[in-house]
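So the chains spell out like this:
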Amino acid sequence: MAELLRLLSLQDSSTRVVMLSTASLAIAAALVGSLAMLRRRALVGDAVAHASLPGICLAWFVAGDRSLAVLLLGAFVLGLACMGTMALVQRLSKAREDATTAIAISGFFGLGIVLSRLIQNQPGGNRAGLDGFLFGKAASAVTSDAWLVLVVAGVVSATVLGLRKEFGLLCFDRAFAAGIGRPVHRLDALLLVLVAIVTVAGLPSVGVVLVVAMLVIPPAAARCWSVSLGTMLAVAAAIGAASAIIGTGLSAVLPPPGGASGGGWPTGPMIVLTAAALFVLSLLVAPQQGLLTAMWRRHRLRSSVQSSSGSMR
Amino acid sequence: MSRSALEFHGVSVAYRDELVVEGVDASVPSASLCAIVGPNGAGKSTLIKAALGLVPLASGSVKVLGGSITAVRRDVGYVPQRESVDWEFPVSALEVALMGSYGRLGLFRRPGRAERAHAMDSLEQVGLAAFADRQISQLSGGQQQRVFLARALMQRAQLYLMDEPFSGVDALTEGAILRVLGELRQRGCTIVAVHHDLSTVRERFDHVLLLNKRLVAAGPVAATFTSQALQRAYGGRLAVMVDAAPGNAVTSAGH
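Each protein sequence line maps, in turn, to chains A and B. All residue numbers for the first sequence refer to the working numbering, where the first residue is 63 and numbers rise by one. All residue numbers for the second sequence refer to the working numbering, where the first residue is 914 and numbers rise by one.
If you're looking for bench data, these hints aren't it; they were derived computationally from the structure. Positions of the beta carbon are idealized from the N, C-alpha and C atoms, including for glycine. Misleading hints may appear alongside valid ones.
Claimed, not checked - Calculated from the model, a selection of chain A residues having no Cβ within reach of chain B, i.e. all distances over 10 Å: (1) Ile167; (2) Gly216; (3) Leu225; (4) Ser288; (5) Ser290; (6) Leu291; (7) Thr293; (8) Ile308; (9) Arg364.
Stated by the list, open to error - Selected chain B positions facing chain A (in silico; Cβ < 8 Å): (10) Tyr928; (11) Leu967; (12) Leu970; (13) Ser974; (14) Val998; (15) Phe1002; (16) Pro1003; (17) Phe1021; (18) Arg1023.
Taking the hints into account, I'd like the entire structure generated from these sequences.
Below you can see the structure in the form of structure tokens.
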């Protein structure tokens, strides 16, 4: 309990930085994810995430440098390569977008698993490092890495907010945007690059498998509450930040599953479960479309109709 | 004002390896209400997109307001097909109208008080002032079409290109749109609209382009919109023919 209090009051400076960086990343992911979802590109983040595993492995082989920045750069490069592959396959084959996405996700992830086996058999290669990338381990992140993520998240968020009028128009009516002379191809490409950046930056805390949740769940929850793009962005950011803070806190505070000697809870699943819980809550009680709200409204309507028809008799 | 607002010179457009518009030569006079008419797949929408520079030309050139589209973009308004956007999008009627100001605002400037007032005026003109704060999914099809028209009015253009502005609208909306188009033409604006309903071409438009991949006929409605021309445009698929005499225009197009 004392541990929890210490964590939530952010007295410990390294916890403070880590928490802040995870939360700011969640905000950036929620903002970018909202646009990606409205542009019907929600799964691009998942493709990038899965392509990042071979990227990390390649960076490990090529650079020989194990710093987070280098590994993430490798992830980013392969993420872009994956998006390029998807666009190419789409153009060459008659496969639909969902199929090409599935092809890219599984193909790149398969390559990543093979490469990671090679690394495990190398001197100095250990499973623990890669596991961190698969499932996330924010609570134990190094302060310098946290600063890196914090800066990246800040730049991404500022870009989205600065251009939100243009991105909004692009997502709503691309033909009209092109008609008034907007560089729609470049805006589309920028959006995809932003998706790739937040996805890669989210790997250390949430992990390859689940990072797409940060791009999709908070925006999906926010949509239940919003009638305008501005509200949707704000609510998504708030839900993302709350999930990150609560999830990171839980993974640090809960007693480890394998006893004190075993590893702690991975942060990724905790963050994602928190976000999912907030999504379900939104689905149920949101003022416009909430399921419970709608039931309550129907109930009230029915009873008012009954009472008025009763009084007429 | 007798100059052409829009000129096509040998315009061809291809999607992948198929020509969808072939060698179209036509012009639309200034301050006219021009309908683009033709069967499904005749390249009507494509011709409008070619004028806006949204699709690459396989050959030929387009002159818009006497120049290249890139030079006159701000003076060209556009109403895309209503079905081309997601009406569940989290945006209000007023915000959609405001998008009409973006062309003049540039990338980073946001619409301010002046733009909002103007957007309200535009909604007022199409009879939607009371619906400004409605989310667009809560509007009827006709109201959605009018929101698009309000957005085009915000553009304060000289030439308006519209893709089926009358498709699936109720009588109220039809009247509102016709009134607005009339006012625009009074001000000297030119309107070019893809139109599907053959029976209303004569009463609503004064100029017509009949298209079936190639240009079949172009000119003033009275002289151009004849049963022979229609027969050629629709390739004999018209169930009931239009009589050349006005007032007898009862048609239905078979597919």
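Going through the hints against the structure:
{"no.": "1", "hint": "Ile167", "result": "holds (25 Å)"}
{"no.": "2", "hint": "Gly216", "result": "holds (18 Å)"}
{"no.": "3", "hint": "Leu225", "result": "violated (7 Å)"}
{"no.": "4", "hint": "Ser288", "result": "violated (5 Å)"}
{"no.": "5", "hint": "Ser290", "result": "violated (6 Å)"}
{"no.": "6", "hint": "Leu291", "result": "violated (5 Å)"}
{"no.": "7", "hint": "Thr293", "result": "violated (7 Å)"}
{"no.": "8", "hint": "Ile308", "result": "holds (26 Å)"}
{"no.": "9", "hint": "Arg364", "result": "holds (22 Å)"}
{"no.": "10", "hint": "Tyr928", "result": "violated (13 Å)"}
{"no.": "11", "hint": "Leu967", "result": "holds (5 Å)"}
{"no.": "12", "hint": "Leu970", "result": "violated (15 Å)"}
{"no.": "13", "hint": "Ser974", "result": "violated (18 Å)"}
{"no.": "14", "hint": "Val998", "result": "holds (5 Å)"}
{"no.": "15", "hint": "Phe1002", "result": "holds (5 Å)"}
{"no.": "16", "hint": "Pro1003", "result": "holds (5 Å)"}
{"no.": "17", "hint": "Phe1021", "result": "holds (6 Å)"}
{"no.": "18", "hint": "Arg1023", "result": "holds (6 Å)"}
Against the hints set out earlier in the document, violations occur for numbers 3, 4, 5, 6, 7, 10, 12, 13.
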